[in-house]
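Just need the whole structure built from these sequences, with the hints factored in.
Number of protein chains: 2
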Amino acid sequence: MAYSEVDKVAINTIRLLAVDATFKASSGHPGAPMGLAPAAHVLFNRIMTYNPKNANWVNRDRFVLSNGHACMLQYALLHLAGYKMSLDDLKAFRTVDSATPGHPESHDTEGVEVTTGPLGQGFANAVGLAIAERHTAAVFNKPGFDLINNHTYVFLGDGCMMEGVASEAASVAGHLQLGNLIAIYDDNHISIDGDTNCSFTEDVAKRFEAYGWHVVVVDDGDHDLEGIEAAIKKAQAVTDKPSLIKLKTTIGFGSKQQGTHSVHGSALKPDDITQVKIQFGFDPEKTFVVPQEVYDLYHKRSAHGAAREQEWEQLLAKYSQAHPAEAADLKRRLSGQLPEGWEKSLPTYAATDAAVATRKLSETVLTKVEAVVPELLGGSADLTPSTLTRWKAAVDFQPPSLGLGDWSGRYIRYGVREHGMGSIMNGLAAYGTVIPTSGTFLNFVSYAAGAVRLSALSQVRVIWVATHDSIGLGEDGPTHQPIETLAHFRALPNCMVWRPADGNETSAAYYVALTSKHTPSILALSRQNLPQLENSTIAHAIKGGYVVHEAANANITLVSTGSEVGICVDAVKYLKEHHNLTARVVSLPCFEVFDAQSKEYRLSVLPDGIPSLSVEVMSTMGWERYTHEQFGLNRFGASGGYKDVYKKFEFTPEGISKRAVATVEFYKGVSNLRSPVNRAFQQLI
Amino acid sequence: MAYSEVDKVAINTIRLLAVDATFKASSGHPGAPMGLAPAAHVLFNRIMTYNPKNANWVNRDRFVLSNGHACMLQYALLHLAGYKMSLDDLKAFRTVDSATPGHPESHDTEGVEVTTGPLGQGFANAVGLAIAERHTAAVFNKPGFDLINNHTYVFLGDGCMMEGVASEAASVAGHLQLGNLIAIYDDNHISIDGDTNCSFTEDVAKRFEAYGWHVVVVDDGDHDLEGIEAAIKKAQAVTDKPSLIKLKTTIGFGSKQQGTHSVHGSALKPDDITQVKIQFGFDPEKTFVVPQEVYDLYHKRSAHGAAREQEWEQLLAKYSQAHPAEAADLKRRLSGQLPEGWEKSLPTYAATDAAVATRKLSETVLTKVEAVVPELLGGSADLTPSTLTRWKAAVDFQPPSLGLGDWSGRYIRYGVREHGMGSIMNGLAAYGTVIPTSGTFLNFVSYAAGAVRLSALSQVRVIWVATHDSIGLGEDGPTHQPIETLAHFRALPNCMVWRPADGNETSAAYYVALTSKHTPSILALSRQNLPQLENSTIAHAIKGGYVVHEAANANITLVSTGSEVGICVDAVKYLKEHHNLTARVVSLPCFEVFDAQSKEYRLSVLPDGIPSLSVEVMSTMGWERYTHEQFGLNRFGASGGYKDVYKKFEFTPEGISKRAVATVEFYKGVSNLRSPVNRAFQQLI
Ligand SMILES: [Ca+2]
Ligand SMILES: [Ca+2]
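If you read the protein sequences in the order shown, they are chains A and B. First residue of the first sequence: 1, per the UniProt record's numbering; consecutive thereafter. First residue of the second sequence: 1, per the UniProt record's numbering; consecutive thereafter.
These are calculated hints, taken from the structure and not from any lab test. This one's a predicted model, so the numbers in the text were calculated from it and none came from an experiment. It is possible that some hints are incorrect.
Claimed, not checked - Capping the alpha-carbon separation at 25 Å, the derived lysine-lysine pairs in DSS-like fashion look like this:
1. A:648 to B:24
2. A:658 to B:599
3. A:648 to B:269
4. B:658 to A:599
5. B:246 to A:206
6. B:643 to A:647
7. B:91 to A:643
8. A:91 to B:234
9. B:206 to A:206
10. A:24 to B:234
11. A:246 to B:647
12. B:91 to A:206
13. A:206 to B:248
14. B:246 to A:643
15. A:647 to B:91
16. B:246 to A:269
17. B:643 to A:91
What the hints assert, rightly or not - Pulled a few chain A residues facing chain B out of the computed Cβ check, cut under 8 Å:
18. 95
19. 210
20. 609
21. 679
Yeah, the Cβ is synthetic: ideal placement off N, Cα and C, and Gly gets one too.
This is the structure we're talking about:
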């Protein structure tokens, strides 16, 4: 069907909504929405299938705006299509508690698939969404039941193109031959520093071809609607490669400043707005105008999507009869609930069981749980033999043509691409049918900090299996030994950092991670073997903190995590024998979860009247919240056998005891010593 | 000169030193050294110029081992060449306090240019070293005085190739046409997960060509020494592009397990070692063997380098006569000392001066200081108009052919590549003649966490101008508003995090950052205007913390940083008027520096007997070390005008007062209230 005048009107409507909203907010980015409006219009009117009345329909096409600063484009489209996005919402752009924040946030705004803005992330999320589609299709589609077959479309700009996270994800997508992924690159030759010529002169098309992508160029993205549509259809026709459409556009199209950096990050001036509106045939006196014909056009497309969903629901009903188990599994997955009784598969241990590294215990959990939690989708950033993330029966997720696995495989070889992995996991989780869990060394989760932050902000369930969690990794040395890492992620809101001390705590960490639908987790796991503790149970550990060793009339509470808990238990004996001091021991595997317990419970673990000492072989930052004194490592580690390294830094029963004695001494004169759990006021949460 | 038997012996000596050291340590990576020994031998014997007796000679060729796990290769070379690296050092590989840690650390080991191991970093460091050479040459070379003309060589493996930080740096290097940079890619088709076919199937040569690199392929990197040499010379001949030599090698060459993942990360088995040694013509009963002819060969090359340095010193002597000012400047820069009296250029302010954003105050510092500190090399990750990092007179560092600047230019357009920028800055600082300072939003310093960590570990002077430092950035919203960022970097050892509150504090932050030769700094700067404080002086602020507002018989101390200090000053009045409470105010712009002050001084700032409350609009983590109670933001922010956002979260005089009252109340009954500065024992530092 040819494009007509109403399409032009629609495109200009979108442009002017962005102009009006940024002007009203005195803030925001009109340039990219004005440049991308034609492509967005084609995509939302001729290509994508979606139903605004059910934004969560699993087989909808996904749209990601990786250049999230262009969010007025997305908000305008959501409004026109009939999502929960009123004209008043658009008018409230960038004001406190609106549905239209300065960058798109998936948990705030229906129809926004993933939270974007930090550049490169959305593109990598889209790779995750496309992987999830391929996998879900392979698992659930049956002959005659092409249940899952959506595409993922992503817009990205020059900034995303320059970010390493996008490079990593692009290489992964090319390797995986994700023919269901179509990226539209807004090639407008402008970034914040001006013409991209000043820093970005690479040959993008050639680079993407090198990654194994199919590349199409559209020369006039400002006007050539037929060309845009043809390029997307060409991309759809290539099913064994992801496609990049290099779309040449003019930033701020229509503005007097079009094609320059001036229209990127601030509202147009009043006289410019007037001339743009006149140029586009709109009344310059009016704002936030949507002609009825434009609503009609979009609502027609939405009706088309609703009809498609209707057909799909009928297909699903038939599928439910033909394949009842699969249908039930799909519905359960989409609800976010794990299978009834899955937790019975979690391994438990007695104190008499052998000492085992928590990374190994994690492998046991995965191996036992994967069969009952089929949505687990594992992986590692090229550290599989070290992170032990691949369960025994795993098949690799690979394009069948490589002969290394298939689309239904549940183990992703991410390569040495931690940031890409983190961001892809966010996309996987956002799809709705899988729970991603992937491994690297704890120290290198920091490479993915940008992605982890967005996991937390966008409230997705992703699990990092972060092994080699301390100086206990030994010989690899300071370049690999985390010091600041736990403090970093403990300070991140809505992120659970677990550092289990033994087998039951490892099971507990997985229990909470898997059942927390809206919170990512980082499991910090040891390379070295750790003993099974007395009094450690799943029930205790899921409280985030509990008493490992109780003692009446204790002189001190030792509070620790992971590999140091066992050393603290040994220190109890040392303190009694050498100093006649009685010590209690508390394990605090997860601050975030412990903080959520009742004050009464927390005080029972960390009571008033007893001085306390934290013991953890890394930065002491944050421990002052729980203990009176802190024994940690506020310096970089050392390369050597791990026992030698622990000895060098005095993380031994003797070294702990020395500091415990000093602590007891220091608080001797203090009457009514309060537990740090007591606070003058509550924080806003 | 043709290669002969002794070259083979030398190559096998290097291989066997790696075999013996990893076997003795029961740990480490023999595979890459065995595969890369031929290329390393050619490079160190036929190509590079260096003097082991003066490892710091500025015009030496630089060598970077980006695949740092192959460090036994580098240690063996340093030993053979005659650096401070004994056979006993090699025998102490990977033991505590040795000169041979598990990954190369520049501050531990002479001859190691940069600290590597975390993948991708060394490659990006090399880009920085090459930029520094280009710039230093442009500034100091004169007709007849080709003083600076060294090359930078970098080895990298598949892992580095996959990391986004390397992609970013490669794109920068191509744009900048760094013909002095030669990268040798160890294309051995193996990474930890096995054959790279499982995750890394892109066309690397094509990708690098797309970045603007010159690419050469060497098909037999195991034997073809002539081919390796020819490839490097071909690369040297291309002076307007960086070169990538794609070198096909066999990992673990000579081992029974060669060409497989088994030789990557653990020592060879005894029987394998025996057969390798026999195969190479070595006595299988002996370990750590270096034939005299091998020493002779390497020492001859070292003597060649020493002679070259001799000639260079003579050239420098003549240069000193012809260009005394430039010579003195070069020598001063190499000493790490700033010019006498430079600090007089730091701006100072009176309390009556206008309110200004600290990002703007930072611009003023840079503008005033750049003329007297010519080694300042600025830049931004495509946020120049926001971070205000480009001083007025700046010229861009660009290849002259682009017409946008020249090699002597002192402002780098990094593009949207924060991680690459951080890692390039580490290389710039390591070169020895420049002090890099670059800008992005504080929230996106996290993208570069891997690089910042290595700045701290390797003790280099780099300065991050990290603007838009809080919810005070307003409308951009939670995706851009740091919450955990300061806690993260405050927990990182040897990293100064500054959050100045006004003009004098901003000058103080720069003073300490620029004079701390072995510590990186992050300057967290506001988007919004901040008032100039009473009692703020450079002398006060360089202590990291000081009293902004003193009061006799105070009921409470408010402790704050940056944009909240001024609000605390306003809260003093509110507390007096509404609650008849007397408050002191302390500004604590840098924890790391404050911690280094005497206990007496710290207690004068945070005295016993007065309850204290911290006020900072981000995670409270870490504040318990300084204050009794904490008012912060342990959740994500909000998009809106910054005053509305501050109000939403109650960071107002009223909101602070409410919590101050609760704090005073809470500690009323406590006799002899101790300052948190008092500790039972000292941490190991
Ligand atoms: Ca652009
Ligand atoms: Ca390799």
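Would the hint linking residue 658 of chain A and residue 599 of chain B be met if the CA-CA limit is 25 Å? 22 Å, holds
Verify the proposed pairing of residue 648 of chain A with residue 24 of chain B, using a straight-line Cα cut of 25 Å. 21 Å, holds
For a C-alpha distance cap of 25 Å, please report whether residue 648 of chain A and residue 269 of chain B respect it. Status violated; Cα separation ~30 Å.
Straight-line alpha-carbon gap residue 206 of chain A to residue 248 of chain B, limit 25 Å: Cα-Cα ~23 Å, so holds.
Given hint residue 206 of chain A paired with residue 91 of chain B - CA-CA distance at most 25 Å: 47 Å, violated
Mind checking the alpha carbons of residue 246 of chain B and residue 269 of chain A for me, to see if they're no more than 25 Å apart? Distance ~53 Å between residue 246 of chain B and residue 269 of chain A Cα, so the pair is violated.
Status of the hint placing residue 679 of chain A at chain B (closest C-beta pair under 8 Å): 7 Å, holds
Less than 8 Å between beta-carbons is the criterion; does residue 609 of chain A satisfy it with respect to chain B? Given a least distance of 14 Å, the restraint on residue 609 of chain A is violated.
Given pair status - residue 647 of chain A, residue 643 of chain B, alpha carbons within 25 Å: With Cα atoms ~52 Å apart, residue 643 of chain B and residue 647 of chain A exceed 25 Å; violated.
Checking one constraint from the list: CA of residue 246 of chain A to CA of residue 647 of chain B, max 25 Å. Satisfied? 44 Å, violated
Please verify that hint: residue 210 of chain A, Cβ, nearest Cβ of chain B, below 8 Å or not. Holds, because the Cβ-Cβ distance from residue 210 of chain A to chain B comes to roughly 4 Å (cut-off 8 Å).
Decide if the proposed pair is consistent with the structure: residue 91 of chain A and residue 234 of chain B, CA atoms, cutoff 25 Å inclusive. Answer violated: residue 91 of chain A to residue 234 of chain B is near 61 Å, above 25 Å.
When held up to the earlier numbered hints, the structure conflicts with 3, 6, 8, 10, 11, 12, 14, 16 and 20 and fits the remainder.
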